[in-house]
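Asks: Chains as they are written, first to last, in this note's numbering: chain Y, 1 to 459; chain C, 1001 to 1459.
Don't take every hint at face value.
Taking beta-carbon pairs under 7 Å as the criterion, some of the chain Y residues facing chain C (in silico) [claimed, not checked]:
{"#": "1", "residue": "Met-31"}
{"#": "2", "residue": "Glu-43"}
{"#": "3", "residue": "Arg-47"}
{"#": "4", "residue": "Ser-145"}
{"#": "5", "residue": "Leu-147"}
{"#": "6", "residue": "Leu-271"}
{"#": "7", "residue": "Phe-321"}
{"#": "8", "residue": "Lys-407"}
Treat the hints as calculated values from the structure; they're not laboratory data. Every residue, glycine too, gets a C-beta built ideally from N, C-alpha and C.
2 protein chains.
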Amino acid sequence: MTANGDGGGKGRAQVKPQLLSGFRDFLPAQMLLRQQVMAILREVFERHGYEPLDTPALEYAATLTGKYGEDEKLLYRFTDHGGREVGLRYDLTVPLARVAALHANELVLPFKRYHIAPVWRGDRPQRGRFREFYQCDVDTVGSPSMLADAEAIATVTDALTALGFPEFTIQINDRRIITGLAKLAGVADDQAGQVYRSIDKIEKIGPGGVRAELIERGVAADSADRVLDLVTMCGSDAEVLAALRGRAAGFPDVVAGADDLERLLGFLGGLGVSRENYTLQLSMVRGLDYYTGPVFEIAVERPKVGSIGGGGRYDGLIGSFSGRDVPATGFAIGLERVFEVIAEFGLLPPIRTVSQVLVAIMRGAEDDGVADALALVSELRAAGLRAEVYLNERRSLRDQLSYADRKGVPLVAIVGEDERESGQVKVRTLANREDRLVPRGAVAETILGLVGRGVGSRE
Amino acid sequence: MTANGDGGGKGRAQVKPQLLSGFRDFLPAQMLLRQQVMAILREVFERHGYEPLDTPALEYAATLTGKYGEDEKLLYRFTDHGGREVGLRYDLTVPLARVAALHANELVLPFKRYHIAPVWRGDRPQRGRFREFYQCDVDTVGSPSMLADAEAIATVTDALTALGFPEFTIQINDRRIITGLAKLAGVADDQAGQVYRSIDKIEKIGPGGVRAELIERGVAADSADRVLDLVTMCGSDAEVLAALRGRAAGFPDVVAGADDLERLLGFLGGLGVSRENYTLQLSMVRGLDYYTGPVFEIAVERPKVGSIGGGGRYDGLIGSFSGRDVPATGFAIGLERVFEVIAEFGLLPPIRTVSQVLVAIMRGAEDDGVADALALVSELRAAGLRAEVYLNERRSLRDQLSYADRKGVPLVAIVGEDERESGQVKVRTLANREDRLVPRGAVAETILGLVGRGVGSRE
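All chains, full assembly: derive it from the sequences and hints.
Replies: Next up, the structure:
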């Protein structure tokens, strides 16, 4: 009586095993890749002085509402046991703002934090879009300086470079410029939203397409032309910003935006950000309601996944909790899109299993061989190896080798009758079926050597 | 215009920043400790051949219900946008069983996985009890062998030892023995639940207390005596199990339980588990409904936090999803209790910040000094140091030093007028205010040396 407990499946009502749509299990090979990527991101974030923070999955709904504009309908909301209106966090930025207000006395400003964690959105699931997905954020609270924005961009650039991204572009714009565009072009206030939505599509449908769409939606032709003229200005960053300032004399917010962008772009070079990895893009619009200054978005050419992430400055968000304005800015990377790029280009070697060696259990003439196997596996672990013993003492060697093969464990240690008598262990490399006979006392050393030469690596 | 965005706090309705009761923010110092502990656990789990798995926070409510007995009322349940009955995961065991049934064709059995992740329970919050808390589980699916149970115990033992636990005891019993006790003592079926609840308190209230409670609840005095006689049997493990078998001749389940425990205990020594770290404890009762064989619980003397974790064999749980019985067993460590032990004994050095060095920004005669600071911080990062630049170019050196002091950054690099002229950098160790003048080209090397000697360590 071991396999069938008295609470066994037979006696119970059966439940169909299923996942909620838009949610995923991550099996070991996927998780090993995810952990590898998160470790790289964590290392880069910490190298830039960002510190880890974690917040609850659930927040009061009031904390989350009013921050995301029309996307807010995607919020996972419900009433809890105590009758409280609660919601699953929708991003990691609003919880940070809530933390900054709640723990104001405990935090040293400027406060730099990173946060790698799942968020939830009741979106319609489709290819590459999930209801539960990881974000990786870096943010600075308490600095009005463009240095903080530049650091966020430099950190994300270093992170994507560390992951081996062959190309990416961080598009940079400013919320005040976006808002000013419609005014500058003489578009009526109630048509401004349409202007933003249309110019955001300029890379997809071209300037002609944007113009046609604007006119179709009732924007005057000369206003549409003026909008397009503004967002397609050519020249160096400095020239474009100077031209923008020239036309925005009566719009101090636009001028402030241009000034800030000029400072920001100036800092990027100092932080070692390659000119190939960023671009001033006056047509780029970020949707979230809370941005107040520079905004960012990461674009890749391949695969066609849209944005890999984005961010910007949100100087008003913390004040919406504390009543006291505290400047803040940051960047969010969407982990799932990152994995699409990694898969497209095969950027990281796949890892099949953690185990470096399986110790087989070999029945002896006088015993079941378990004691020998356990002693050996314990010794290998003590030497720092990731080692397992086959967890069924009644299976044949063939079954055990098949397990190692299917799982991708590279090495198997075997103590059969012959080896036991001669005080040796057979170490088999599964990839080429090569056997080595090793004195019992030298097994750990031999396997460490093989692992060091790449035989036991995780590939 | 930088600090006050046009979407600033003043214009918005203010929301009180608050946490839901039973939920927590983890600020950097706490997170650095938590990450350190999780890294140790992950390393030990992987050294034992367990592989990482992750599952969604949300499951169909039907997946979760019927598994937890009377505690099920603590399940966080709600109806989602699509009218589906869903629940936040209550533990990591039931999701594993659902995974094993859903992905049966993708998994190589025996399947060993670990899972470190939050779970949610609508419990009444109190000291050390939270509504969101982390569990760290190791489980094996697909092995009926007591080797799998022994591996789980050995892994947990190694994990707590790696964390530096000064003492702990893994109490071991068997669900079939617990269930058999009442029958063996001639207790009526409807009183059996009371018997289990009472004997579980034996360490708190003593055998006399248990006896009095049983009689008070209507158990016959001689039955109560027989129960107590069984659970307080003395002798070696082998003697106790032999005596139990002797009295349980008509109860094959109890005999099977005793046989399994004997094998299990035999394997522990082979896996290097110290005899001091486990005990056969026939009075230990685990509540969860799904156990079918051996059950485990970790007890510590100090602090008085109750159990640090537990587990056992649940051979019927996967069958409740797939209809096909698949044996499984494992162990869960409660991370929050682990931190209470770590705090009680000061087991791990506190880490204040990730940053090893702050580069101060020093206004020069002809420029704002930002370019120098950015070049230096980039260079330090390229050398592998965790380095930050102060994120406000308008602050005094005093402000910047105060920031480093309050945050716990151990070193500050300063390029003032004098240093700039002499091509040097001043490296200050904040702990003792010691200054070193270092040639500009040797700064990274000098700081790496200081860090290597422990000055820049995270303590």
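Asks: With a cut-off of 7 Å on the beta carbons, see whether Arg-47 of chain Y makes it to chain C.
Replies: holds, 5 Å
Asks: Quick check on Leu-271 of chain Y please, does its C-beta sit within 7 Å of some C-beta on chain C?
Replies: holds, 5 Å
Asks: Does Lys-407 of chain Y pass the interface hint, meaning its C-beta sits closer than 7 Å to a C-beta of chain C?
Replies: Since chain C brings a Cβ to about 5 Å from Lys-407 of chain Y, closer than 7 Å, the hint holds.
Asks: Using 7 Å as the Cβ threshold, decide whether Glu-43 of chain Y counts as touching chain C.
Replies: violated, 9 Å
Asks: Quick check on the hint: Met-31 of chain Y CB to chain C CB, less than 7 Å?
Replies: With a minimum Cβ separation of about 4 Å from chain C (threshold 7 Å), the hint on Met-31 of chain Y holds.
Asks: Closer than 7 Å between Cβ atoms is the bar; does Phe-321 of chain Y clear it against chain C? Give me holds or violated.
Replies: It holds, given that the least Cβ distance between Phe-321 of chain Y and chain C is near 4 Å, below 7 Å.
Asks: Can we keep the Ser-145 of chain Y interface hint, with Cβ of chain C closer than 7 Å?
Replies: Interface hint status for Ser-145 of chain Y: holds (5 Å vs cutoff 7 Å).
Asks: Given Leu-147 of chain Y as an interface hint, is the shortest Cβ-Cβ distance to chain C below 7 Å?
Replies: Hint holds; Leu-147 of chain Y Cβ to chain C Cβ min 5 Å, cut 7 Å.
The structure shown violates just one earlier hint, number 2.
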